[in-house]
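Asks: So the protein sequences, as listed, match chains A and B.
Counted the way the UniProt record's numbering counts, the first sequence spans residues 1 to 485.
Counted the way the UniProt record's numbering counts, the second sequence spans residues 1 to 332.
Think of the hints as simulated: they come from the structure by calculation, not from any bench.
What you are looking at is a predicted structure, and each value in this text was computed from that prediction instead of being measured.
Treat the hints with care, as some may be off.
To be verified - Pulled a few chain B residues facing chain A out of the computed Cβ check, cut under 10 Å:
#1 Gly-10
#2 Lys-32
#3 His-41
#4 Gly-49
#5 Ser-89
#6 Thr-91
#7 Met-95
#8 Val-121
#9 Pro-128
#10 Thr-129
#11 Cys-241
#12 Gly-256
#13 Tyr-257
#14 Pro-273
#15 Thr-275
Just so you know, even glycine gets a beta-carbon here, dropped at the ideal spot from N, CA and C.
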Amino acid sequence: MSRLVVGPFNRVEGDLEVTLDISGGRVDRAYVDSTLYRGFEQILRGKDPMDALVFVPRICGICSVTQSVAAANALRNAMGISIPRNGQLATNLILANENLTDHFTHFYLFFMPDFARDGYSGRPWHGMAEQRFKAVTGSAAGDALPARAAFLHMMGVLAGKWPHTLTLQPGGSSRAVSSTEKIRLYAMLREFRAYLEKIMFGDKLENIVKLDSMRALEAWRDARPPDASDFRLFLEVARDLELHRIGRATDIFLSYGSYEMAGEYLFSPGVWDASKGTLSAIDPSDIVEDLSHSRMTGERDARHPYQGETQPAPDKPDAYTWCKAPRWRGQVLECGALARQVVTGHPLIRDMVEKTGGNVTTRVVARLLEISRVIPAMESWIKSLSPGEPFCVQGRMPDNAKGVGMVEAARGALGHWLVVKEGKIANYQIVAPTTWNFSPRDRDGIPGALEQALVGVPVGEHERVPLAVQHVVRSFDPCMVCTVH
Amino acid sequence: MMNLIWLQSGGCGGCTMSLLSADVRDLFGMLKDAGINIVWHPGLSEQTGSEAIEVLEACASGDLPLDILCVEGSLLRGPNGTGRFHVLSGTGKPMIEWVRQLAEKAQYTIAVGTCATYGGVTAGGCNPTDACGMQYDGASRGGLLGVDYLSQSGLPVINIAGCPTHPGWVLETLLALAMDSFTQADLDELGRPRFYADHLVHHGCARNEYYEFKASAEKPSDQGCMMENMGCKGTQAHADCNIRPWNGGGSCTDGGYACIGCTEPGFEEPGHPFTQTPKIAGIPIGLPTDMPKAWFVALATLSKSATPKRVKENATSDHLVIVPGIRKTGVK
Ligand code: SF4
Ligand code: SF4
Chain A
1 MSRLVVGPFN
11 RVEGDLEVTL
21 DISGGRVDRA
31 YVDSTLYRGF
41 EQILRGKDPM
51 DALVFVPRIC
61 GICSVTQSVA
71 AANALRNAMG
81 ISIPRNGQLA
91 TNLILANENL
101 TDHFTHFYLF
111 FMPDFARDGY
121 SGRPWHGMAE
131 QRFKAVTGSA
141 AGDALPARAA
151 FLHMMGVLAG
161 KWPHTLTLQP
171 GGSSRAVSST
181 EKIRLYAMLR
191 EFRAYLEKIM
201 FGDKLENIVK
211 LDSMRALEAW
221 RDARPPDASD
231 FRLFLEVARD
241 LELHRIGRAT
251 DIFLSYGSYE
261 MAGEYLFSPG
271 VWDASKGTLS
281 AIDPSDIVED
291 LSHSRMTGER
301 DARHPYQGET
311 QPAPDKPDAY
321 TWCKAPRWRG
331 QVLECGALAR
341 QVVTGHPLIR
351 DMVEKTGGNV
361 TTRVVARLLE
371 ISRVIPAMES
381 WIKSLSPGEP
391 FCVQGRMPDN
401 AKGVGMVEAA
411 RGALGHWLVV
421 KEGKIANYQI
431 VAPTTWNFSP
441 RDRDGIPGAL
451 EQALVGVPVG
461 EHERVPLAVQ
471 HVVRSFDPCM
481 VCTVH
Chain B
1 MMNLIWLQSG
11 GCGGCTMSLL
21 SADVRDLFGM
31 LKDAGINIVW
41 HPGLSEQTGS
51 EAIEVLEACA
61 SGDLPLDILC
71 VEGSLLRGPN
81 GTGRFHVLSG
91 TGKPMIEWVR
101 QLAEKAQYTI
111 AVGTCATYGG
121 VTAGGCNPTD
131 ACGMQYDGAS
141 RGGLLGVDYL
151 SQSGLPVINI
161 AGCPTHPGWV
171 LETLLALAMD
181 SFTQADLDEL
191 GRPRFYADHL
201 VHHGCARNEY
211 YEFKASAEKP
221 SDQGCMMENM
231 GCKGTQAHAD
241 CNIRPWNGGG
251 SCTDGGYACI
261 GCTEPGFEEP
271 GHPFTQTPKI
281 AGIPIGLPTD
291 MPKAWFVALA
301 TLSKSATPKR
311 VKENATSDHL
321 VIVPGIRKTG
331 VK
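Start from the sequences, fold in the hints, and give me the full structure.
Replies: Encoded structure:
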């Protein structure tokens, strides 16, 4: 048995080190370490509750809006108010803009460049991958970045700027949209759709959404040449490298539900256990965080976030990461686009998970499928905006209150738990998506989702940074700064 | 070619995300054509793990010339000065050590964003990680590298403050360095490039007419000026946010919320809730710095008495309730 430490891991957001015990050319055990601690939960203590809206987006510059939505939801929950329809539509649009930007950035800048590496130079598709996806110099960066920047112009109108907006308020959105802006937003969305249909998918979004089984996806793939589109090229690579064979975690999937509109979700919430084929409702009181292997004081009892503590203990024995270990009814869950699509029951993703489980291929396909599902929804939200009607209402924070805000970031379930005492924040606990996925072991020694997903991954004899390990890690689209906040 | 290394420490990665949103046709191509070679960036480069460490070591030892060192995120000195709150993964070595070593060799050292310049939000509250900026700790000079630090070119750290920074501020600074046309005189007192820091956020704010008449917003989504009640620091914050748009055409004040002065040292602890204006005897503290208080009060009283109905009513609404009238006159 040998040991390999891999880091710095790049093309992930933030800091990650993975320690691998290897035997017989495969990973035997993996330990995931988030090597950065900033202490936002400590910083927030004693602040005016509304100041959370300034601090929490700055937990993460890649999903800053999602953090804002979680905070606004928690504040709203504590205030006991509800927001006007326009405010909800604007929030959904801002959130969708960020989530899709994340999926898009992940695919083009973080995930695909690995297939352009010299290690794959013998593969039939390598030339195409290199020309298109080589980090920094590939042609895709030149196409995708301007498309991304133009798509983010929606933030200029709806949120003032991105990242780090203060538009999202407990009472709605502080930026009312005028009727001319409504048209501009629609035009921006059409422009992005055109890029997606021409370059990313090489097909109408509606045709992608319609793919309802693995067989249908394979037929779609086989009906066009590998260089027909970026998605098509990915499917070629995935088939050749058998990416569906690596990266399986517990296959129990969590989603808080996404894009709420008057109590209905575009993607419904729940926990899907693939081995049993069961869907459970998600009750926030079933969530705890365990600190036994985290560099934090308090290892005895796993606590619900309302009682959660964050006190760094850098020298704690047996601790190997700054990340906490969230558990749901004692279980390790996976979250992200794959989880959302499986929970909400998209037939393609349900079929893929049934046949091959959660893995590198299904995670990427779910992400791209989600892009094609959300764009049409955004079009309908823009059409439903009613300029002239209110976007924001006023609320009042009671001196003593509690609130929870749950939302889906691109990379999965994000929850904020807020306790207000005598008008100040007494406790603020954050459980981020990557905290779920990149969780360390808990007190029973059960490894987190990525730690499980890495077991069995092949490692070549001379590989110092094993390629398959990188694919698995990046398939989760990790955000380490969120993890440790 | 100028070799550029970009490191991220105690920040959120938002300044990189912001840079990637630059409204240019081909960001990487443009930098390359200008003569800037991105040797390593944690978010973007190919090299991972030991491949990346080799590159960093080559720069630290001087084997690979380092022209530009960009650091994003605050520098975490804790716990107890060890820097162990942020170890560069795979190296066992605290990030502050890497930054110190690389800064020795760099021709130019750039702090990208308010975390890296002055400490930023990571230094807020009880500052649990003892976070500071590259050459400042809040408004006082010093920080990680010390008062006397100069990079090989003889310049102090260039502070591209902002939370996040505007992509244009970063790009133009890099291009100015590539053109070899950036000197000490281009930096303001707090080390910020003057091309954006010589402006105030108030300049060009779409709410200026409301400001003139002291027609004020009272709640989020109102259109009025946000200085009197909503905590706006636009009259004091150094940045060209309302002249140079964000994301194609936005700004904080256009987005319906106050400027919180994110380019200023210590913005993270204003001493009052961010979106409330503290007042003494009904008069906002923190008036425009170059205006005597008595004058301000006199002018405000006068202009409030002269506020047109249109301005007054629109100020507390989220859309125009009265549009500017059309006057029929022969004079053009
Ligand atoms: S909202 Fe702020 S920046 Fe705009 S006019 Fe008022 S004080 Fe100036
Ligand atoms: S308007 Fe103020 S808070 Fe907003 S980005 Fe500019 S300086 Fe920062």
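Asks: A separate judgement is required for each hint: does it hold in the structure or not?
Replies: Evaluation of the provided hints:
For the restraint placing Gly-10 of chain B at the interface with chain A, the shortest Cβ-Cβ distance is roughly 5 Å, inside the 10 Å limit, so the hint holds. Hint status for Lys-32 of chain B: holds, given a least beta-carbon distance of 8 Å to chain A, under 10 Å. With its C-beta approaching chain A no nearer than about 8 Å, His-41 of chain B sits inside the 10 Å limit, and its interface hint holds. Given the 10 Å rule on beta carbons, the hint for Gly-49 of chain B holds: about 4 Å separates it from the nearest Cβ of chain A.
Annotation: interface hint on Ser-89 of chain B holds; nearest CB of chain A at approximately 3 Å, less than 10 Å. For Thr-91 of chain B, the interface hint holds, the least distance from its beta-carbon to any beta-carbon of chain A being 7 Å, beneath 10 Å. Using the Cβ-Cβ criterion of 10 Å, the hint placing Met-95 of chain B at the interface with chain A is satisfied: the shortest such distance is roughly 8 Å. Interface restraint check for Val-121 of chain B: the shortest CB-CB distance to chain A comes to about 5 Å, inside 10 Å, so the restraint holds.
Checking Pro-128 of chain B against chain A: minimum C-beta separation of about 4 Å stays under 10 Å; hint holds. The interface hint given for Thr-129 of chain B holds, since its Cβ lies 6 Å from the closest Cβ of chain A, which is under the 10 Å cut-off. At its closest, the beta carbon of Cys-241 of chain B sits 8 Å from a beta carbon of chain A; the interface hint therefore holds under the 10 Å criterion. This hint holds: Gly-256 of chain B has a C-beta 3 Å from the nearest C-beta of chain A, less than the 10 Å allowed.
Checking Tyr-257 of chain B against chain A by beta carbon gives a least distance of about 4 Å; that is within 10 Å, so the hint holds. Below 10 Å, beta-carbon pairs count as interface contacts, and Pro-273 of chain B has one with chain A at about 4 Å; its hint therefore holds. With a least beta-carbon distance of about 6 Å to chain A, the hint placing Thr-275 of chain B at the interface is held under the 10 Å criterion.
Consistency with the previously given hints is maintained throughout, with no hint failing.
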